[in-house]
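From first to last, the protein sequence lines stand for chains A and B. Numbered by the working numbering, the letters in the first sequence go through residues 34 to 266 in order. Numbered by the working numbering, the letters in the second sequence go through residues 8 to 277 in order.
It is worth saying that the hints were derived from the structure and are not from the lab.
One side only, chain B facing chain A, incomplete, derived with CB under 8 Å:
1. Asp62
2. Ala90
3. Leu91
4. Ile114
Backbone N, C-alpha and C define an ideal beta-carbon position, used for all residues, glycine too.
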Amino acid sequence: MKLAICAGPATTGKTSVLRHLTRRLINNGLHPAFLKIDVQFADEDEVFAREFEIPARKIYSGELCPDHCSVLILGDALQWAQKADADVLLVETAGLCLRCAPYVDGGLGLMVMEATSGMNLPRKVGPMLSLADIAVVTKIDLVSQAEREVFRARIIEAAPGVRVREVNALYGIGMDPLVDHILNTPDIPEQLVLRGNPPVGTCTICVGKKEIGWQSHFGVVRALNNQNFYRGE
Amino acid sequence: MIQQITILGGHGKDSTPEPVARIDLSMGQVISIVGPTGSGKTTFINDIELFANGDTPTGRRILIDGKTPPAQYREDPSLNPIALITQHTNFLSDLPVGEFLRTHAGIRTNDGGMVSSLMEKTLDFANQLTGEPVIASIRMTELSGGQTRALLIADATIICNTPIVLLDEVENAGIHRTRALELLRQYKKIFVFVTHDPRIALLSDARIVMQNGCVTQFIETDAAERLFAGAVTRIDDTLTKLRERIRMGGRMTMEDVREHAAFTAMEAKA
Chain A
34 MKLAICAGPA TTGKTSVLRH LTRRLINNGL HPAFLKIDVQ FADEDEVFAR EFEIPARKIY
94 SGELCPDHCS VLILGDALQW AQKADADVLL VETAGLCLRC APYVDGGLGL MVMEATSGMN
154 LPRKVGPMLS LADIAVVTKI DLVSQAEREV FRARIIEAAP GVRVREVNAL YGIGMDPLVD
214 HILNTPDIPE QLVLRGNPPV GTCTICVGKK EIGWQSHFGV VRALNNQNFY RGE
Chain B
8 MIQQITILGG HGKDSTPEPV ARIDLSMGQV ISIVGPTGSG KTTFINDIEL FANGDTPTGR
68 RILIDGKTPP AQYREDPSLN PIALITQHTN FLSDLPVGEF LRTHAGIRTN DGGMVSSLME
128 KTLDFANQLT GEPVIASIRM TELSGGQTRA LLIADATIIC NTPIVLLDEV ENAGIHRTRA
188 LELLRQYKKI FVFVTHDPRI ALLSDARIVM QNGCVTQFIE TDAAERLFAG AVTRIDDTLT
248 KLRERIRMGG RMTMEDVREH AAFTAMEAKA
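With the hints as extra help, turn the sequences into a complete structure.
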């Protein structure tokens with residue numbers, strides 16, 4: 034079983050990139066399965082199941098950060114993909130605070146970002162970029178060549194070991210090298226380990242907010258007559 | 008040094024094979040691409056810039072000196088032999104102009120000591136193309152359409168300094184077209200202009216005609232057209248003067264076209 038995990042901010046084109054990759058992987062004789070991890074809404078699983086007739090499912094992280102959710106459920110997901118006779122699992126995950134990276138050792142880590150985001154984005158996203166194997170730059174048709182080259186330089190400066198691939202996910206231009214990267218990824222090892230250390234997690238009480246009442250706090254909270262629930266952006 | 012670029016035909020929007028199956032462009036040539044809106048002119052130069060290898064929607068293939076271009080062209084911008092100036096008239100980057108040019112110069116040159124002088128030369132070139140001054144401290148996003156295009160052309164010519172330059176509708180922005188062509192002609196490169204402008208088309212060595220996603224003709228500019236180019240230039244100059252007058256809030260009179268009318272009468276006699 035091969036594993037490719039695709040992360041990146043919302044609406045950057047992760048799904049479009051993965052759709053092109055799925056079609057090409059199938060043409061190469063592989064049997065992909067698709068998993069989408071999102072917070073509260075996703076329909077990409079239905080899209081993949083309908084368009085490619087492959088095993089596809091989703092999970093909502095709900096009160097958990099999606100990257101933490103991925104750590105918890107990835108083992109189950111690989112077993113599910115195995116049972117469904119897949120030989121490569123594509124995982125698409127919503128990036129939120131950008132401080133974590135969902136990639137695991139032995140799997141391929143793809144980070145998708147758009148050429149139209151500011152020149153400082155590569156400097157801002159941290160481990161999600163620096164721990165990836167490949168930075169996929171989408172929407173290249175929307176910026177000048179000069180800006181594209183500077184954006185690329187900013188990525189390399191922020192993450193020197195990461196390969197940069199520029200693609201047009203609308204027409205699938207530049208996708209073939211990504212397929213080669215997946216094909217050249219070895220099968221995953223027995224024991225999977227998260228590639229990076231997650232940042233220290235704290236709750237608002239830990240950091241010293243002393244006001245009484247859940248109304249003053251954020252993150253996972255609970256009220257007297259309620260289960261745990263999430264308050265936040 | 009690159010001597011030749013070849014475009015091998017693909018297929019049109021309705022999958023019919025492209026009528027002109029092969030085009031060779033040689034160093035020093037200036038080529039125009041003409042055709043109605045939506046005929047695939049921009050896609051054609053995008054294919055060149057992407058080193059299409061049957062992997063774009065048109066199915067075209069690009070050869071450099073008769074061979075498939077090496078992967079390094081896309082991996083390392085300092086080796087990329089192509090500069091593309093798109094129709095974009097605004098930047099998305101909010102960096103100051105100077106910092107952007109410095110960064111870009113640093114990527115494109117191997118000589119770090121050249122970065123500052125490249126930046127200054129680029130600004131100087133841009134300022135010859137546009138009336139509104141472009142200065143190093145302005146943010147890119149604050150530039151007007153004309154300033155943006157002027158800066159992109161200057162950047163492609165001075166910083167990229169590539170053997171192949173592709174320009175998409177240079178006439179669309181508020182820049183001095185004639186000045187741009189004069190300045191660009193000083194550099195020996197392959198220039199490909201997407202254009203609707205008869206003046207630019209006649210100043211080219213040949214023009215590629217497009218229709219419905221396909222190259223339908225390759226027309227070399229002949230001696231009669233070259234002769235005619237002078238007359239087109241005069242018509243164009245007259246219109247440019249009128250445009251300038253209207254911009255400055257002036258009124259237009261017959262006086263504005265008298266000079267042109269006199270020329271035409273003279274030519275009719277000859």
